[in-house]
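There are 2 protein chains.
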Amino acid sequence: MPRPRRSEHTRESLIEHGIELLSEHGYHGTGLKLILDTVKVPKGSFYNYFDSKEQFAAEIIEAYTATLMAQFERYLETSNDDPLTMIRKVYETMIKQFEAQGCHKGCLIGNMAAEIGGSSERCRTVMQETLEIWKRRIVELLELGQKKKQIRSDLGASELADVFWNTWEGGILRMKIDGNAASLRRSLDILLDYFLREPAG
Amino acid sequence: MPRPRRSEHTRESLIEHGIELLSEHGYHGTGLKLILDTVKVPKGSFYNYFDSKEQFAAEIIEAYTATLMAQFERYLETSNDDPLTMIRKVYETMIKQFEAQGCHKGCLIGNMAAEIGGSSERCRTVMQETLEIWKRRIVELLELGQKKKQIRSDLGASELADVFWNTWEGGILRMKIDGNAASLRRSLDILLDYFLREPAG
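Just so you know, the sequences run in chain order A and B.
The opening residue of the first sequence carries number 61 in our numbering; numbering runs sequentially from there.
The opening residue of the second sequence carries number 61 in our numbering; numbering runs sequentially from there.
Partial chain B-side listing against chain A, Cβ under 10 Å, derived:
1. T90
2. G177
3. E181
4. T227
5. G230
6. R234
Away from chain A, derived, C-beta distances all over 12 Å, residues of chain B:
7. I75
8. I79
9. L96
10. G104
11. Y107
12. E119
13. L144
14. K149
15. E152
16. L201
17. E203
18. K207
19. K209
Simulated from the structure, these hints should not be mistaken for lab results.
If you're wondering where the values come from, they're calculated on a predicted model, not measured in any experiment.
We put the CB at the ideal spot given by N, CA and C, even for glycine.
Chain A with its partners taken away, still in its complex shape:
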């Protein structure tokens, strides 16, 4: 007899732990056995929940983005800061989270893009979609900053958002190489204070 509640709980638990495991060990480095052992799900029942490891990874990417965006929105809703300060605080919070984990995990999207962006069409499509969700939100903030003359207007908000994403994600790779977030943090500051900010005068 089907037990939908329990199934749904296991499914969520697989995704939740999958986020941690894939962030830490990568796609190919995370065996299904490790996932199932962690969630204490009997071997063989994985395919009751997901068609394939690839579908599982795609759902993990979606869930990871949803969590980050919810964190982002919660902050934005309660903040009266100017756009650049908002962006700085959101990203500074993420740097602190990376540091709390020893700077070795990084961003799941960046990790998955590097490892399987070129080989999994399904995950690539989901990454494109989640990147668009993030981008719409950050473009709104950048446009607001442009209106307030805080952010430079000689470049479009959409292309500023793209460079921002690239610099941030590359900074995370650098953090993993360095084993600390100093360069990532300095890059964020340079981006916000020198490159994006409307020059005074």
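Here the structure of chain A is known, so what remains is to put chain B in place on it, guided by the hints.
Just chain B now, kept in the frame of chain A:
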């Protein structure tokens, strides 16, 4: 009886093909069997050449960087261009190479940083060293550009080099998500023409 020439050739061939395979499939996604089959080396003889897969990957990272730096140096030696144009041409050449491969391979260093930067201390150390080799060269160019008043001097060449690396590597991740190099190319242009260039007047 040892046959050093043949051994050396096989060793080089393993590294050469290893660069291609690891760039395409990642560290965990590239099984030793695939590598040995590609180079037609009998199973079991891998450990005559390398202590471990990790050491193999570390040597691959070194060899990859040496190849890129040689390409970089060859161009710089014969060029009379100004520093920003030199940087643009070197990186535009790399974008064309990515495009020729269908934009799904990316940068081996970025891929390895994302996948095993947090787990392999040996590879992380080699990545730090190779990044320093690249950085010394690009800092020279950036300092030359600062002297010529082509590149902004309100930020140090070393930190500009760091942001450059981050934006470039993140741009490659974006290329893998997009399946094309448009955003990577635009990021490079924005970095060189807007962010690094000394403002006119």
